[in-house]
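S.K.: Once you have looked at the hints, place chain D on chain X.
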Amino acid sequence: MFEKLKNMVKNEEKTSNAPKSLNNGKKLKVGYIHLSGCTGDLMSLSENYDDFVDLLHAVDIVYGQTLVDNWQMPKMDIVLIEGSVCLEDEHSIKELKEAREKSKLLVALGSCAATGGFTVYAKGGQQAQPQHSSFLALQHLVNVDMAIPGCPPSPQIIKKVLLAAVNNDMDYLAPFMDFAKNEEACGCDLQKKVINQSICIGCGACAASCPTRAMTMKDGRPSFNCDRCVKCGLCYYQCTRSWWPMDQIKKELGLWEE
Amino acid sequence: MIQDSVLGPYQEIITARASDKKIRSKSQDGGIVSALLIYALEENIIDGTIVAVESNEALKVEPKVATTKKDILKAAGTKYTMCPNLALLKEATRSYGLEKIAAVGTPCQVMGLRKMQAYPMGARNVTDKIALSIGIYCMENFPYESLRTFVCDKARTAPQKVTKMNISKGKLFINHSDSKDAFAIPLKETHGYEQSGCNYCLDYVAELSDISCGSVGAKDGWSTIIKRTDNGASLVDEAINEGVLEVTDTDEGKFGLEMLKKLSTNKKKKNQKRIDKKLDMGLSIPFAHSSKKKDILENR
Chain X
1 MFEKLKNMVK NEEKTSNAPK SLNNGKKLKV GYIHLSGCTG DLMSLSENYD
51 DFVDLLHAVD IVYGQTLVDN WQMPKMDIVL IEGSVCLEDE HSIKELKEAR
101 EKSKLLVALG SCAATGGFTV YAKGGQQAQP QHSSFLALQH LVNVDMAIPG
151 CPPSPQIIKK VLLAAVNNDM DYLAPFMDFA KNEEACGCDL QKKVINQSIC
201 IGCGACAASC PTRAMTMKDG RPSFNCDRCV KCGLCYYQCT RSWWPMDQIK
251 KELGLWEE
Chain D
1 MIQDSVLGPY QEIITARASD KKIRSKSQDG GIVSALLIYA LEENIIDGTI
51 VAVESNEALK VEPKVATTKK DILKAAGTKY TMCPNLALLK EATRSYGLEK
101 IAAVGTPCQV MGLRKMQAYP MGARNVTDKI ALSIGIYCME NFPYESLRTF
151 VCDKARTAPQ KVTKMNISKG KLFINHSDSK DAFAIPLKET HGYEQSGCNY
201 CLDYVAELSD ISCGSVGAKD GWSTIIKRTD NGASLVDEAI NEGVLEVTDT
251 DEGKFGLEML KKLSTNKKKK NQKRIDKKLD MGLSIPFAHS SKKKDILENR
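Chains as they are written, first to last, in this note's numbering: chain X, 1 to 258; chain D, 1 to 300.
Isolated chain X, as found in the complex (with noise of 0.2 Å):
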């Protein structure tokens, strides 16, 4: 896989019908910025550490607190951001907005920026900024490009996205386009767009990828607990029927011919 990548990154770009070249078959510059989240999702990329030798001939990360020494924002192909926007933090704001205006691609990632996450049930009146009370996913001020939910996102998915850029593989990002869409997420999307639609089968794919077991099985169908939900969307976004990227993964499996 790094073979092909490296291969990817030392030709100038070839083929690919991609609808925009975000490199230009030089390294991709990744800035990473930390808005309102936990930090679980810059733990998450960083698990990647054994990888980054790999993926680091292919990026460079030129922008982030902690990761990088620069104040200035520069200019960046893909932007990933943590956490949600506080409305009352103008300095989140101002980033999130200078962070649209100088990069290509605007990641919103993990389900704080993709859908809220768990910051949607703030009200304010907390200590140290008991001022902050409104948190909102990214698309609500700006055009997000893609939304890779996730309490965290796995590390896994974070280097197969990068990997995805870094290759141009647009298929491959195509269903994070689709997920930057929805503004927002809970469990209940479950019985609203699969259970009603009468397309569930009871796999239990939703139970395994809740973070919070606020999904759990009952007579071969999701049964859901509100209070522990953090409105992730993971559920749904890992449901079987939700959406079906049969192409992906036959090319995963080896099983794909052109």
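Hints in this document: simulated from the structure, not taken from any laboratory. For every residue, glycine included, the Cβ atom is placed at its ideal position computed from N, Cα and C. It cannot be assumed that every hint is accurate.
Which residues of chain D face chain X? A few of them, derived with a C-beta cut under 7 Å, are [said to hold, decoys possible]: (1) M82; (2) M121; (3) G122; (4) S196.
M.R.: Relative to the frame of chain X, chain D by itself:
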């Protein structure tokens, strides 16, 4: 690799059964799944597997992580109601600490497993531990209450008296301890009792598994095995070399592979019509309308 929209991509189809009589006596047909899992476990190819076992309540099933031969044998035999095997995937890596998991499942469960591997947003450090996927042929699945209807209202017996259920030759057979003969219900009468989600399924033979198997296309007591990935094919080949499985000639004819293809084609055609109807009504479904497909038999 043979690309086939009816049976999915595969390398070879063979007919086999478990050599061990003890395994066969506990199994549904050829005992392939049990024999392969036990072999893989003993050879350290896997360190555990997710299987469906009967729960405390008769005929009700639940998923279980099996890490011994005994556990695997306990799960032998087809279950005719839904069992959310995928729900245990994370549990198997965390609570059980498994690093090489096998997952046995229906075609839809294999689809869910593969989707999770391709897009593992919520499967932190899980998908790299999936070593094997065994798929079983499946036409449809029943909610537990539907099974109760068959057993209590039609066969006029009780769930705890049922010794075996089996679908073959267009009938659902229920063996129970009150009678020597199995009670037969024509499948025409079971239609309408299946879970609704099955009506929109375009996969009969678990097209994305490493290995698929089932009784269709083989004579009684044997199973057909579809070798798909290299991983799956080498496991089957090794099991044959080691004498775990015994192979017989594959019947290409009307009651052999033709039957398998016919049933798969029928399921796909029937359900594609239902998908089209649903899409025409403006409802949400992740599969494509037949007018937008090059080959309507494809699972997409």
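S.K.: Now tell me, hint by hint, if it's right for this structure.
M.R.: Status of each hint after checking the structure:
1. M82: 3 Å, holds
2. M121: 5 Å, holds
3. G122: With Cβ-Cβ at 3 Å, under 7 Å, it holds.
4. S196: Holds, because the Cβ-Cβ distance from S196 of chain D to chain X comes to roughly 4 Å (cut-off 7 Å).
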